[in-house]
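**Q** Use the sequences and the hints to build the structure in full.
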Amino acid sequence: MSGDGQISAEAAHGLHLLREMVRIRRLEERCIELYSAAEIRGFLHVYIGEEAVAVGAMQALTAEDNVVGTYREHGHALARGIPARRILAEMLGRVEGCSRGRGGSMHLFDAAARFYGGNGIVAALLPLAAGLGLAERMQGGSRVTACFFGEGAVAEGEFHETMNLAALWRLPVVFLCENNRYAMGTALERSESQTDLALKAASYAMPAWAVDGMDVEAVEAAVREQVAIVRGGGGPCFLEARTYRFRAHSMYDPDLYRTKEEIARWRERDPIDAQAARLRERGALDDAALAALEAEVAAELDDAVAFARAAPLEPVEDLERFVVTEAAAR
Amino acid sequence: MTETAPAATATMSFRAALREALRDALRADERVFLLGEDVGRYGGSFGVSRGLLDEFGPERIRDTPLSESGFVGAGIGAALGGMRPIVEVMTVNFSMLAFDQIVNTAASLSHMSGGQFHVPLVVRMTTGGGRQLAAQHSHSFEGWYAHVPGLRVLAPATIDDARWMLAPALADPDPVVIFEHGSLYGWEAAEPGPGPVDLERAAIRRAGTDVTLIGSSQSVHVALAAAEALAADGISAEVVDLRVLRPLDTATILGSVARTHRAVVVDEGWRSVGLSAEVAARIAEEAFYELDAPVARVCTAEVPLPYAKHLEDAALPQPERVVAAVRAMEAGA
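Heads up: the sequence lines are chains H and Z, in that order.
Mapping of the first sequence onto this note's numbering: position 70 corresponds to residue 238, and the numbering continues sequentially without gaps.
Mapping of the second sequence onto this note's numbering: position 316 corresponds to residue 326, and the numbering continues sequentially without gaps.
The set of hints was computed from the structure by calculation and includes no laboratory data.
In this text, all values refer to a predicted model and were calculated from it rather than measured experimentally.
There's no promise every hint is true.
[As the list claims (entries may be wrong)] Quick list of the computed label-pair ranges, beta carbon to beta carbon: (1) Gly-353/H - Ala-199/Z: 53 to 61 Å; (2) Ala-478/H - Glu-40/Z: 27 to 35 Å; (3) Ser-359/H - Ala-338/Z: 53 to 61 Å; (4) Val-283/Z - Glu-197/H: 41 to 49 Å; (5) Arg-338/H - Tyr-317/Z: 27 to 35 Å; (6) Gly-401/H - Ala-291/Z: 51 to 59 Å.
Ideal Cβ placement from N, Cα and C applies to all residues, glycine included.
**A** So this is what it looks like as C-alpha cells:
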C-alpha cells in the first residue's frame, strides 16, 4: 500500500475484482451450509472456482446492457448487482426473493438489473439472447446482450442455430462460454469431436477466441474487447473462458468422474488466490486489507442470511399469480 | 335493355383474412414483425404472407433459416426486448422442434420470474390433416399446447376469427399460439364483419335443441355438416365452436349441454389423453346430471396419419361418423 493511504485507480479496480470474487465465493459457501441445513432445497449448483468469469465479464457491461445466464448463476446475479439479500431470500423460497420464491437457485431474475435468468434448459437461453439482440437492433439501440452458458451447451442444436442466426443478422450479443470441462459428469473430450470451441463459433463467421478463465483481469480485458466490437456494430462475438468448478456439479453429485489430483491441480490456480497474489505484488493488498475485506463480506452475508430467514413466505392463495400478466403490469 | 347483374356477395378466403390481419397489425404498430421459414420471398409456405415483403420490407417480414427452436426462441427474446413478434411455424409437427422454447421458456417466464418478465409473442402454425400429407405434416397437437399454463391457445374456424383474432392476440402481454387448419386456407366465405372479436368465449355456430356438437377449427365444419344431415332426419343439433382452447370457456359448453342434454365432442386430435378428453371430462364433472346419454367422442383414429386418401379419410373425423355417434346416442336413449 502506498505510504500516504491513497491507492491508484488501477489498484482500486484490482481490489474491486478481488472483492467481487470473494463475495461470490462466500455466498456460495453460505449456500452450501444452508443446503446442508435443509434451508435450501431442490438443485443447487455453485460457482466456486469460476468466479473470475462472471466478475471479469460484468465489468465490461453497462447497467443498460442485458445479461442472460444459466442455472449456475448465483455469481452472475451477485456480480450484476442483485443484492445478496434477495438472492438468498429466493433460495429460501421467500416472497422477498428476486423471483418471489417461484424460481429458486436455478431461476434468479431481476428486471431492474436487466438480468434475464436463471435458465435451466441448457442452450435454450441462447436463442433468447439472440432475440434480445434482435429487438435491440430493430429498435436502433446500443445495448449489448451478454449470454453466459456452459460448454455442455455447445453439443445442443440450439447453440448452432443461434450462432448462425446471430452472425447472419449481425446481432449485438456477446456469447460467453464458460468451459469448466464437464457437462455434469461428461468431459468435453468425451462428448465433442472438436474440442476447440472458439473454432466452432468462428465457423459461423464471428470473432471468437479463448481466454484464461481463472484470470479475472484477462477475462475483463477480453470481454471489453468483444463488447467494443459488438457495440460498434461488428456483429456477435464468442469468448471461451477456460475455467473449472472446484465443487461437484450439484449437491446431488458424488463427483466420481474426475480425480482428486485433477481437482487439486486446478485449485492451485484458484482465481481468488491468483488475484490476491497479483495485488500483493503490486503493493495493493496486505494481510490486514484482506482480513478487512473478508470481514466486510462476512458481515454482508450475515445480514443477507438473517434477512432471508426473516422474510415472509408468499401466501398460498397467491399461488396462481403471475401465470399470466396481471392487469397492473399490462 | 340491359340486364342487371345479380348483386354479388363479396367473399374472402380464410388465407386472405389471415393476411389482412397481418397487414393491419404491421401497419398499426412498428414493433410488430413476422419471422419464420419462407415468410418473405417465397410468400409463406401456405401463401398467407404473400405480398407483405413488398409492403413492409425484409426487416419486418423476416425469412429465417430452418431452425425452429432458434427462431421461436429469438421471437421470445425479441418480445422480451420490447418488440411484438409474430412467429410463423410451418406446421404443428415442426413446432415440436420448438416445443421446449414455447413451453419451458415462453409459457414459464412470467410465473418463474415472479411476474417480472412478460413474453408478448404470437406463434402461428398450420395444423391438421385432410391433404394427404401423411404422418409428419398432418397432426393436431393443439391439446398439448392447451395443456400448458401461461399460454393462450386459439383456433379460428371462421373468416371472422381468421380476420380479427390476431389484433387482440398481439395486445395480450403473454404468449399466444394460433392454429390455422391447412384445409381452411383456401375456403371462401362471406367477407368478415367489422370486428373486433373476443379471445374469451366459445361461440354457438348453429343453434339446436337435441344434441350439442363441440369442436374447434376444421372440426367445427365437420360438426356443421353433420348438423345439416341430422336436420334432414329431424334431429336438431347445436354446434359449439371452442375458438379458444386455453383458457377453455366451460360456461358456453355447459350452457349448451344444459339445453340439449347430449354432447358429442369432435376433435382431429387423437382420442387418448387429448383435447376431447378434457372437454368430455368437464361436462362429466360439471353437467353430469344434465346428461341424458354418456358423452360421445369422434376423434382421429389412433394412427400416424396415412398418405392414401381412403385411409386418411377413414382416420379423420367425418360428418358421417358424427351423425352415426348421434344416432347411436338416440338409439341408446
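**Q** Hint by hint, which ones does this structure get wrong, listed from lowest number up?
**A** 2, 5
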